[in-house]
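Chains as they are written, first to last, in the working numbering: chain R, 1 to 338; chain D, 1 to 288.
Keep in mind that the hints were calculated from the coordinates and are not lab data. All C-beta atoms in this analysis are idealised placements derived from N, C-alpha and C, irrespective of residue type, glycine included. Check before you lean on any hint, since a few could be wrong.
Residues on chain D that point at chain R, a partial pick, calculated with CB under 7 angstroms [unchecked claim]:
1) Asn108
2) Ile110
3) Ser113
4) Thr131
Computed Cβ-Cβ distance ranges for the label pairs, DEER-style [said to hold, decoys possible]:
5) D:Trp35 to R:Arg221: 49 to 57 angstroms
6) R:Pro153 to D:Trp35: 20 to 28 angstroms
7) R:Gly73 to D:Thr20: 51 to 59 angstroms
8) R:Ser122 to D:Lys186: 36 to 44 angstroms
9) D:Ile191 to R:Leu65: 24 to 32 angstroms
10) R:Trp51 to D:Lys52: 19 to 27 angstroms
11) D:Ile279 to R:Trp51: 36 to 44 angstroms
12) D:Ala55 to R:Ser67: 13 to 21 angstroms
13) D:Ile230 to R:Arg334: 27 to 35 angstroms
14) D:Arg97 to R:Gly301: 15 to 23 angstroms
15) R:Trp51 to D:Met267: 36 to 44 angstroms
16) D:Arg39 to R:Ser122: 16 to 24 angstroms
Listed next, the stretches of chain R that the computed footprint assigns to chain D, with coverage defined by at least 3 CB atoms under 8 angstroms from CB atoms of chain D [as the list claims (entries may be wrong)]:
17) 62-76
18) 228-241
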Amino acid sequence: MPANQAALPTDILEQRSHRDARHERLFRWLLKGCALIVLAALLGAAGATLWGGREAFSTFGWHFLVSSAWDPGNDVYGALVPVYGTIATSFIALLIAVPVSFGIAVYLSEVAPTWLRTPVASAIELLAGIPSIIYGMWGLFVFAPFFANHIKPWLTNNLGNKPDDGKLSWVAEHVPFVGKLFGSDYPFGASILVAGIVLAIMIIPFISSVMREVFQTVPTRLKESAYALGSSTWEVSWDIVLPYTRSAVIGGIFLGLGRALGETMAVTFVLGNAMQLSASLLDPGTSIASTIANQFSEASGLQKSSLMALAFLLFVVTFIVLLIARLMLRQLARKEGR
Amino acid sequence: MSSPYLRRRITNALAMVLSTLATLVGLAFLAWILWETLRQGISALDLKLFTKITAYGEDGGLANAMVGSLIINFIGIAIATPIGVLAGTWLAEYADRTKLGESIRFLNDILLSAPSIVMGLFVYTIIVLPTTVLTHGSTTFSGFAGGVALALIALPVIVRTTDEMLRLVPSTLREAALSLGVPQWKLTLQILIRAARSGIITGVLLALARISGETAPLLFTAFGNNYMAINPIEKMSSLPQIIYQYANDPGDSMHALAWAGAFVVTMFVLLLSLGSRLILSRTKVSHD
């Protein structure tokens, strides 16, 4: 509109465009600053725990990683017991959660009648929304006693090397290691195995929902071709769907592992919090997160620093696991052209 | 029937049964956990939960923990929402397909599942320790520090949903506004964020649901307080922290209080996630 433009002197126009450019620059910097806070949170968490743990690292050096000592009386600390507990519980959790999640994902994407899929999937996802402390309470008051009364006696008597009646079962006598894994004279339920089971229940919804989502990305064409050649539902799931989504499925599993490694509350309640290294899965133990939760507020000096060092180890390990998870998940997204 | 065919059919039948069984097991545990929380929680419900504070022990209630939870969650959301929305906007509108943008989006996904207890220790180091030193020990743990720890956990949730929701906004809207000469910052604030509003609100509600059950990051930040605390620079208790404390107590009446707290938290979280899902499904319908 030439009439309008003539009414505006050029310097006003120029001022306006300068102002807009200034606002635009400010706005960009503001947004970028906010986005960088995400970066700062990750770097800060790593830096703060490393800084807090510097005394422990410099006092014990590499020995910190392999020492099973945790003795506030003599001020000697090592990470081995909590690290073992974290790895053992997470490994048991994966051992249970991966096949179950795969079953759920296959059921929801291939087996179930269509009308049933969404409600069942939402119900399973509801499990993911329950706060971890509720899992912990349920584990402590409901599951651990149930386990101690009904499952543990069977395990110790039929598989373990410390049965109630003193007579070793065939399995404990003839199969190596199994007897040690299930031998325990600890009377309560809280143990590495129970913590692993509770963790498994916690991560099943995460893994199964990732698996279900990626299973749905498999082109119908591929599945129908296999069905047309006479494949059964199981063969389509195992030989077509799974290979197509392999990297994302592994990503989902690592995502669950990342959750399991860093979980505090669900584990702390059912692990028994014993600073001991036992071969038996039925004995109590401890994990990195639950050691920190239990001891940090009363710790000082070298003990506090050791707890910070533990937190640093936990953070680095989960970071690597989650990094692998996200990279694997991205591979499928790439293939999808997203 | 030939034997390989029979074997394939048996394998298939077995796999189908096992996968159905896996789903039933998952649902059974969900039902078991919810049922116990409802049963034990409802039987422990009492008016004194809402009127008395935890200082009275087994004769007391959870009033200070509930107020503390509300305040700490509010601080967490109040910090995380503006930062998260702006950061998500940057990822979707300004840094899409740039190297820095992609890396931050990627790292945000990692922060989403980072161990919350480490976030607690981080905030302990940057807020609790400095305030202790600066005030010579008169202010140590605080509700504010707890709020910051929760904000760090809510942040990635809000960033991610904002980012995703903005990317769903049709680009014709951007083009229309830009062709009218609207500056990009105005377009972003007044048009795009408004268009994605319900999705962003869903993200905030999901973040609230996520942080209201968090316990680990509060143990070394807000710490706990048996008396009513309103001022965020004081130590503050929260429902999850009281649940943790009472569940570890040997007394049965303390356990009942812990179950009541667990019931309140679970109901709150489930209602929030159901509500946010409802908003999301409604917006999806209106977009189609």
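Results of checking the hints against the structure:
Evaluation of the asparagine 108 of chain D hint against chain R yields a held restraint, the C-beta minimum of about 5 angstroms falling below 7 angstroms. At a threshold of 7 angstroms, the smallest CB-CB gap from isoleucine 110 of chain D to chain R is about 5 angstroms, leaving the interface hint in force. The interface hint given for serine 113 of chain D is met, as the beta carbon of that residue sits about 5 angstroms from the closest beta carbon of chain R, less than 7 angstroms. Interface restraint check: threonine 131 of chain D against chain R, minimum CB-CB distance 15 angstroms, threshold 7 angstroms, status violated.
Here the CB-CB span from tryptophan 35 of chain D to arginine 221 of chain R is close to 43 angstroms, at odds with the stated 49 to 57 angstroms. Between proline 153 of chain R and tryptophan 35 of chain D the Cβ separation comes to about 25 angstroms, which falls inside the hinted range of 20 to 28 angstroms. Evaluation of the 51 to 59 angstroms hint for glycine 73 of chain R and threonine 20 of chain D yields a pass: the beta carbon distance comes to about 55 angstroms. Evaluation of the 36 to 44 angstroms hint for serine 122 of chain R and lysine 186 of chain D yields a pass: the beta carbon distance comes to about 39 angstroms.
Roughly 54 angstroms separates the CB atoms of isoleucine 191 of chain D and leucine 65 of chain R, a value that falls outside the hinted 24 to 32 angstroms. For the hinted restraint 19 to 27 angstroms between tryptophan 51 of chain R and lysine 52 of chain D, the CB-CB distance of approximately 42 angstroms leaves it violated. In this structure, isoleucine 279 of chain D and tryptophan 51 of chain R meet the distance hint of 36 to 44 angstroms, their C-beta atoms being roughly 42 angstroms apart. The beta-carbon spacing between alanine 55 of chain D and serine 67 of chain R, approximately 42 angstroms, falls outside the hinted interval of 13 to 21 angstroms.
Checked against the hint of 27 to 35 angstroms, the pair isoleucine 230 of chain D and arginine 334 of chain R fails, with Cβ atoms roughly 51 angstroms apart. Checked against the hint of 15 to 23 angstroms, the pair arginine 97 of chain D and glycine 301 of chain R fails, with Cβ atoms roughly 50 angstroms apart. At about 40 angstroms, the beta-carbon gap between tryptophan 51 of chain R and methionine 267 of chain D stays in the expected band of 36 to 44 angstroms. Our hint of 16 to 24 angstroms for arginine 39 of chain D and serine 122 of chain R holds, since their Cβ atoms are close to 23 angstroms apart.
A stretch counts as covered by a chain when three or more of its residues have a beta carbon under 8 angstroms from one of that chain; for the stretch 62-76 of chain R and chain D the count is 0, and the coverage is violated. Under a criterion of three residues with beta carbons nearer than 8 angstroms to beta carbons of chain D, the stated coverage of the stretch 228-241 of chain R is upheld, 6 such residues being counted.
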